[in-house]
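Enquirer: Sequence:
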Amino acid sequence: MKLHFLGTGSGMPSKQRNVSGLAVTLAKQTWLIDCGEATQHQMLHTKVKPRKVSAVWVTHLHGDHVFGLPGFLSTRSALDGSSPLTLYGPKGIKKWLELTMKVTGSYLGYDLTIVEYEDGDTFEQDGYHVTVKRLDHRFPSYGFRIEAPERPGALLVDKVKALGIPSGPIYRTIKQSDTFEFEGKTYASKEYVSDAVAGPVIAILGDTVPCPNAAILAAGVDVLVHEATFMQAEAKLARQYGHSTTVEAATLAKAARVGCLIVTHISARYQGRDEAFVDEVRAMFPNSHVASDFFEFTVGD
Numbered sequence: 001m002k003l004h005f006l007g008t009g010s011g012m013p014s015k016q017r018n019v020s021g022l023a024v025t026l027a028k029q030t031w032l033i034d035c036g037e038a039t040q041h042q043m044l045h046t047k048v049k050p051r052k053v054s055a056v057w058v059t060h061l062h063g064d065h066v067f068g069l070p071g072f073l074s075t076r077s078a079l080d081g082s083s084p085l086t087l088y089g090p091k092g093i094k095k096w097l098e099l100t101m102k103v104t105g106s107y108l109g110y111d112l113t114i115v116e117y118e119d120g121d122t123f124e125q126d127g128y129h130v131t132v133k134r135l136d137h138r139f140p141s142y143g144f145r146i147e148a149p150e151r152p153g154a155l156l157v158d159k160v161k162a163l164g165i166p167s168g169p170i171y172r173t174i175k176q177s178d179t180f181e182f183e184g185k186t187y188a189s190k191e192y193v194s195d196a197v198a199g200p201v202i203a204i205l206g207d208t209v210p211c212p213n214a215a216i217l218a219a220g221v222d223v224l225v226h227e228a229t230f231m232q233a234e235a236k237l238a239r240q241y242g243h244s245t246t247v248e249a250a251t252l253a254k255a256a257r258v259g260c261l262i263v264t265h266i267s268a269r270y271q272g273r274d275e276a277f278v279d280e281v282r283a284m285f286p287n288s289h290v291a292s293d294f295f296e297f298t299v300g301d
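For the record, in the sequence shown the residue sitting at position 227 is 227 according to this note's numbering, with numbers rising by one throughout.
By construction, these hints were calculated from the structure, which means they are not laboratory data.
Treat the hints with care, since some could be wrong.
[What the hints assert, rightly or not] With a Cα cut of at most 25 Å, we get these calculated DSS-like pairs of lysine-lysine: (1) Lys161 to Lys175; (2) Lys159 to Lys185; (3) Lys47 to Lys2; (4) Lys185 to Lys175.
Note that the structure is a prediction, hence the values are computed from the model and not measured.
Produce the complete structure using the sequences and hints provided.
Expert: What follows is the structure, given as structure tokens:
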């Protein structure tokens, strides 16, 4: 998995940061997590292709997370995107999007499925398992725990060669079949392949103050993407507007034993204070990054 941060600001675009948009490239497909205004324009500066997007996951319906969605979906169609797309979002997204598309006379040349999720729902999409949990914001907001499928174990070549089997097509048979035959004998393939390797797990949270469900989603993940709209000195403002601080995001990362923390959704008030912002996060959780627009991060091998 690879994370492409298309927008890392909060509330409204600034010269340095666009509003929320995150592309996640998988083995064969790409997902979007939120699609704020001008997300598709941000894509033009990356290798992310609209036609490759198979699913969009919306954390909540505040405008800085969804106002780019109708345009993106329409452009995907204009670029001859014909493969189906599934849109996941909270209650209300279907009504809002269908009305917007109708009033603007927009047409999609592909099948769009809209799924309105609820707290605790789980989904299988493109072979990945996704858990949805409601967070604590002024507006219904959610987070996602995304678990990649297991990766097949490696062939134990020395053990196979000890049977007298030369390298060749049979090696693939051993990895892909339950049993294999050699010189009239049948063998169990699992004895000649190492255990499957768990795929990477990430958690991506929408706008929230610290809450139990955030901790549930984040527990033990390889990467946690968490909003940090404010620095700790503005903790009262953070609480007033339903957001988290740098220290609160880092505190959760530490308690949840995550591998890496990436904070985003940064207020424009901190323009020019990047170093202080980074220092405040890393003082609590050293393996952290403060995302900027077009920041990329690879999860796993």
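Enquirer: Which of the numbered hints above does this structure break?
Expert: none
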